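Each chain is listed here by its residues.
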Amino acid sequence: MTVQAKPVYRRLNVLKFELTKLRHRPDVLLSLLFLIVFSFLVIVPLLQILKGSLTYQQSDLRMVRGSVQGQLTAYHYLRVFTGRLAQSLFFKPFWHSLIVGFGVTFLAMTLGSLFAWVIVRTDIPFKPLFSVLMVTPYMMPSWVIALAWLTVFKNERIAGAQGMFTAMTGVSAPDWLSYGVVPIIICLGLHYYAYSFLLVSGALWTVNSELEEAAAIAGLNKRKILRKITFPIVIPALGSAFVLTFTRSMGTFGTPALLGLPVRFFTIPTQIYASINTRNNGDGYVLALVLVALAGVAIYINSRVIGKRRSFVTMQGKGFTSKPTRLGVWRYGIVSLMFLFIFIAIVLPVVILAWSTLMRIPGDYSLSNLTLHYWIGKSNFLMASGEEGIFRNPGIWSGAWNSIRLGVFAAVINGVLGLLIGYTVVRNRGSKLANSLEVMSFAPYVFPGIAMGAIYLGMFAKPFGPIPALYGTFALLVLIVVVKNMPFSSRSGISAMLQIDPSLEESARLQGASWLKRFRKIIFPLAATGFISGMLLTFITAMRELSLVILLVTPATRVLTTIIFAYQDQDQIQHANGVTLILLFIIIIANILVSRFYGTKSLFGLRNT
Amino acid sequence: MLVFFREALLSNIVLKGISKSFSGSPAVRSLNLEIEESQFVTLLGPSGCGKTTTLRLIAGLEDPDAGEIFIGGKLIFSREKGVFIPPEKRQLGLIFQSYALWPHMTVYKNISLGLEEQKLPKEEIERRVTTVLEKVQLTPYRDRYPSELSGGQQQRVAIARMIASEPDIFLMDEPLSNLDAMLRVDMRAELKRLHYELGATTVYVTHDQVEALTLSDKIAVMMDGELRQFGSPREIYHYPTDLFVARFVGSPRINTIPGALARQEGKLLFRSAFFEKALQRTFDFEGRDVIATIRPEDIAFSTTPQSGWLEMQVYSVLPAGSETIITVRKDDLPLTIKAPGFADVEMNDHIWIDFDIARMNFYHPQTENLIPAA
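Those sequence lines, one after another, are chains A and B.
Quick note on numbering: the first sequence equals residues 1 to 609 in our numbering.
Quick note on numbering: the second sequence equals residues 1001 to 1374 in our numbering.
Some hints here could point you the wrong way.
DEER-style ranges, computed between Cβ atoms [as the list claims (entries may be wrong)]:
{"hint": "1", "chain 1": "B", "residue 1": "Leu1318", "chain 2": "A", "residue 2": "Arg331", "range": "55 to 65 Å"}
{"hint": "2", "chain 1": "A", "residue 1": "Lys21", "chain 2": "B", "residue 2": "Pro1103", "range": "25 to 35 Å"}
{"hint": "3", "chain 1": "B", "residue 1": "Lys1074", "chain 2": "A", "residue 2": "Ile36", "range": "36 to 46 Å"}
{"hint": "4", "chain 1": "A", "residue 1": "Ile376", "chain 2": "B", "residue 2": "Arg1144", "range": "53 to 63 Å"}
No lab work stands behind these hints, which were simulated from the structure alone.
Fair warning: this is a prediction, and the values are worked out from it, not measured in the lab.
We treat Cβ as the ideally placed atom computed from N, Cα and C, and that holds for glycine.
Isolated chain B (complex conformation) (with noise of 0.2 Å):
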């Protein structure tokens, strides 16, 4: 097993109001974001949220319009105070959505050339390519041209460029969107062992919240160039601050149902047009109406008749194998259903289902915040 030695740099990075327009309209509106020091953090979002261009705005590839970051505790752009430090001078490494690969020159040369640039000697440059080489399984394709690989091998050849420069951020720009799926789920677990092996921040964009919630210490899930919420995968997924975030994340997605919070013989309840059910936790929301969240995979199902539970007919069942999805109808609402395995349901059957009463949630249906318990 190899060992990569890093010195114990500081390399968090910290972005304080950041903003940046393109010819008037806004790609990231006074971002601010604390990345902590070896951490992995994702930012997720749908294609123009600014997810890219906030990664492009640390790696100094764009300069923003106002605010100021900082790498390591050291002030490194602030239109405001003078200080620009060049991505060449800011030792991040960045794995581009299309790898970019230069084409020209064969794999060894597109790993040296960055380490030639920092004026290392020759047997030194020699030693980390066949390291990272080894590393990434690649040894035999050192002299090979990039058009001469497959996706795959060119992907680990722009992680090896990568990583044998040594840099203290990981920057990552969709880098799995160009592989084919199956691929892109061994890709996941070998970047997420890279990690873990060289600690080195990564700060990872992607659009797809399963590599997000599959990858990250913490999730960032910006929308139009806003940060909607930071938070680890686990509040992220049970806990989202918004409605958006609660369906951008998890597949399938989140069931909502309209209804109100009230208070009968001095209980607390959640009301919808066909059924209530007690709760066990305070709001200072009583008496008026919600949305109440519930992820599929919280909703018990039985195909006997149960007391207390809600009878509904089956919409559609679609098995996948280790799990089976049914949809479920009542009057306008759907519900959507996870069940582990296959289920021994057909459409139309009438089946009653319970819901996890302390997995669901309630949100305000004009903000569409999350509404805390007391």
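With the rest of the complex left out, here is chain A (with noise of 0.2 Å):
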């Protein structure tokens, strides 16, 4: 028998075993010094934005006799939610903010369910063609639909100009085609369709056509099957994608700014942007703060849904047929329909960008009209205020490279935090490190993008901590990126992780692997793929970002879309549109490097979102 230790001594043993542990596991102590750097840069924002809304800023000085600086208040609140500018600040956006949410998801939803439903159960040919189509709309920013429309519908009552619809129709675009619910639905519409596209198709995979077979030897009919059977196998699918979409469009910047503002119509996010660019920090953080409920809100309504669907996943058995529905004399109507689909989704927005590019004069459709001055030319004061051609144009070439690098750095950092993440996760199930570790990389999902960039320009514009002054560097717009995508960067290191079984490495660890060795020798070649396309998704979210740079670019850190937003702003359409093109074909030849290294896998990395 051992003597027994002392209690004291023992309780010291046992701590000394706990650290001889660790020592063998830097994973849990990387992780660790993520957790604590990564709450500090997004619980801290989160506190500041509490802060900012709860005290007098500077700007509120003027306004309120007798306030200091800093001082405890509910002023914000009250003006926001009661106060006299309550409807537009408040009501008026937040009322705008729900039709465009409840109407992008109503169309997005439609749309997606059905274009998933026609390609995974029905006879139409061109399947393969489809699937990878049906997701290039998510590979462009959002607001490029939203662009080609005000080319396309832009009235001169508001823009100054007219837009093609006017000049080849010669009847003047009324504001509510133009501008404002309307066209905002739609093109958002048109760009989220993609979620329930890719949710409804993948619960759609695992129904197994023989419990439908099975429905109709037991005497159902048609219609009776899709009610009974397959409709509630995709419901938890339609619940994921009704949360994401409608949280999603709710939040959005991009094309609400390019669609509404002009005519004053506000959204949340719009009028975040409004608030804090006149200085009224205050109700901005207030504002931010409604977003940031809904998201939380909606992000328990998507775990329980998600919950539920666990008990659908035993069904992804191998070797299950498949029958598909037969669509008869329906087939090449369908089909007709689909490549309409996408040629408005998709072709017509490029093709109308490319075309208002080469137009000297917006709006006049003649062939004399066209010119390359806009991509090549020199300086012309009379044209476009002087600005050089796209080619020529050092703030253009300075954009784009910022842009890569930033998708570049992104993409990285992402990747590794990924799936450092997924690693630490997947190994300490269930573990008290590992459900905060999942917990907090997710929680930068509530910010608002608009929100987040607020507060991160507070919060660095002076040294914060040990942290120098980090606004109008690069570095910050990394950083802000970087958190901003951790959620999904986690969350495709969390997948990676689960292919690999564990004993692939403890049999490296027994034959004398250290950690380090293990992870670059049997970890990351396995999760290569899901890691290389996680980075491509993460790259091409980056190189679209506007919501979240918009407030912290300086004239030295400009992205191609804090350009873009300039020009369209300053409604030079011709360059905002061709930057957009450089944007896309940016994206597109990145999509197409990495296929080509890793085969098609690249775009089914898309899923994991």
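Reassemble the complex: the two chains are provided individually, in unrelated frames, and hints are given to aid placement.
Okay, here's the thing in structure tokens:
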């Protein structure tokens, strides 16, 4: 028998044991470090918004007699929710956001689930082509369609120039068609249907048609089968799609800004932008909290829905039959409609943007009006306020370089962190560390991009704790994009890790391989495909990011998206549209390069979100 | 013939009071086990009995909640004393049920990775890989990927990978369970030969009692996280310490007959509902109810009446070539008899049987423990 040590020594020994163990698990140490830093980057901003919304800001001093900066007050809440301006500050934008949210969700879910059903469960031709084309809009910034819409439908009353529609028909486009709720819903619907499409087709793939055949044998007719068997199985996916699309369209900035601001149609995100731009930061913070709360509720609902969905996963057995529904005479009609849709949602916007960049004077559609000036022309004060052509323009070149740098940095940092988080979460499933990592890395999801930009602007304008003043640096852009993308990269890291059987690493461990070596030789190569597609997704997201960075860029750190927004703001649409095409071009090239190296899998990486 | 030079290292394994639970439910309960140098020890039990957990505790892939582990006399784990040697420093080899071959590496790379870890010179690595590949007869496959190999070949790569790094101890977690029946029998012979040649201490986990009996020097039978019996195959087979072990080991399953030990005219008898039989041994359990066990091959039978033998009716006959399994019934008592070759017995025949009384064991009807002869 061993002699029992005294309790104190025993406790010390147990501590020594835990420390010895930790020494061989750098992933745990790294994750702890990450958790601390990341909490700082997520929780502090949230507290900052709260504090900002509850205290007098510098700009308030003029408005409120006797106020002291930093003093505790409910002033902003009263102003936003009950004051004289409450209608225009909160209720109208909130109402607009709700209409846009529901409208977009309805349109997107209808389109998305219809396409999903047609592609997965019917006998249409060109299935592989369609499933790739259908997710293409997701790779473009959501406001590309809005830019194209403006080019076509803008009217001279508000924009000062006529769009293609007016030029061709001679009829002036009515305001409701040019700006506001109708075009916003259409443009966002044509972008966000991708979520419903991916989620619903994912669910439909798991439906064993034997289930439907069994129902048919049991005497149910086709409509009843759809209602009683197929529909219940996709309900959880529809639920997720609803929550995702609704929160995204409530929180989006670009499209409502382009199509709403000219007619003073505000949604919550554009109102936040307006408040902060007019230095009413406190109001902006209160509105940002509204969006954070909404996103929080949505995540809660979504987690309940996903929690239920787990019970359906067991059906993903291999080798089941899937007998497509025969469309008969409808087949060619439906295929034509789908090609028409792709033409309208993908091809047409790009063609319109391209064409508009070739027009000397916007709105004149005669051949003699065509010019390459906006692409290659030298500075000419008669055209585009003297802006040089896109290819000559050093501002655009440096913006493109910044965008690419931003994308690459974010992709690498997010990819590595996501993999590390995935590793720690999967290997320590159920532990406190794993749970808090999962929650914390998902937390930035609740921040609307524009609100997060506003907070980081306030936080890093001066030195904050050990961190120097980052405002105006490129590092700040990288930091915010990395934080904002963490929810997605940690998710894809987790799903990549779940594919790797623990025994593969354990056998390397018994062979004497250290943690670093195991990670480098076993884990990383096996997770590489997921890792690369996750990086591509981050790259694309970072490239098209507008709302997050629009408040943080300075002339030296401008990226393509903010350049586009600025040109659009100054009504230099040839430049705005041309730079958009360059952005699209870079995204497409990146996608082609990655799928060239890693097969078609990079496109399937999109399913991770 | 290749010769593997092994240093005379001490590589016995001692588990002292090892306990492990997973989120509240105990998997191993205060387990004490001593595995001697160069022995082939099997952990045998039904699924969920804690045998794989025990193996992973020895490997260091799980940490016990309490207890100590020694390898070669050296303490390698003790929470209480603050000692933890990580798996990568324990110099063990482990074959996983799934083989755990790295899918992105060739056979050669799979084997050489661990050797590079040992900082061996290039020529030595090359020599060792070549040697082990020859040993497992996979030389032509050195540049293949695991997915290009059959199940049996993958199994042999896993073995090659383990023996190439020359560990002191081999751990094997149901290594044959993914192979088809024929291959499994062949691989048993290979594994036994391998152990004979290399002499490494081996801990082998299986739920297949035939595998345990055929391969082991010693078998540890486990149930519900507890060690039920630890002994040689012969002891386990002939003297199971409780009814669970008796029933778990042996195929077809052992016969159990309720009855009592009684003394009559100075002789000790086993008396059941329909027969009694004099015993040559004495027990301190006279006059009490017991459960008797007898292996199917320890029951003799005859198709003609024999004096003093028991008449039974045949319920079913299952000839399997080398042996015939005959089940008989009397009242509610079923008995299984194993006879060599094809037996000339038909359904519903009357046959006469006799028990090899020296092979009969007696168990306490409540505790189900073996009643030792006095």
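Cross-check of the supplied hints:
no.	hint	result
1	B:Leu1318 - A:Arg331: 55 to 65 Å	holds, 59 Å
2	A:Lys21 - B:Pro1103: 25 to 35 Å	holds, 29 Å
3	B:Lys1074 - A:Ile36: 36 to 46 Å	holds, 37 Å
4	A:Ile376 - B:Arg1144: 53 to 63 Å	holds, 56 Å
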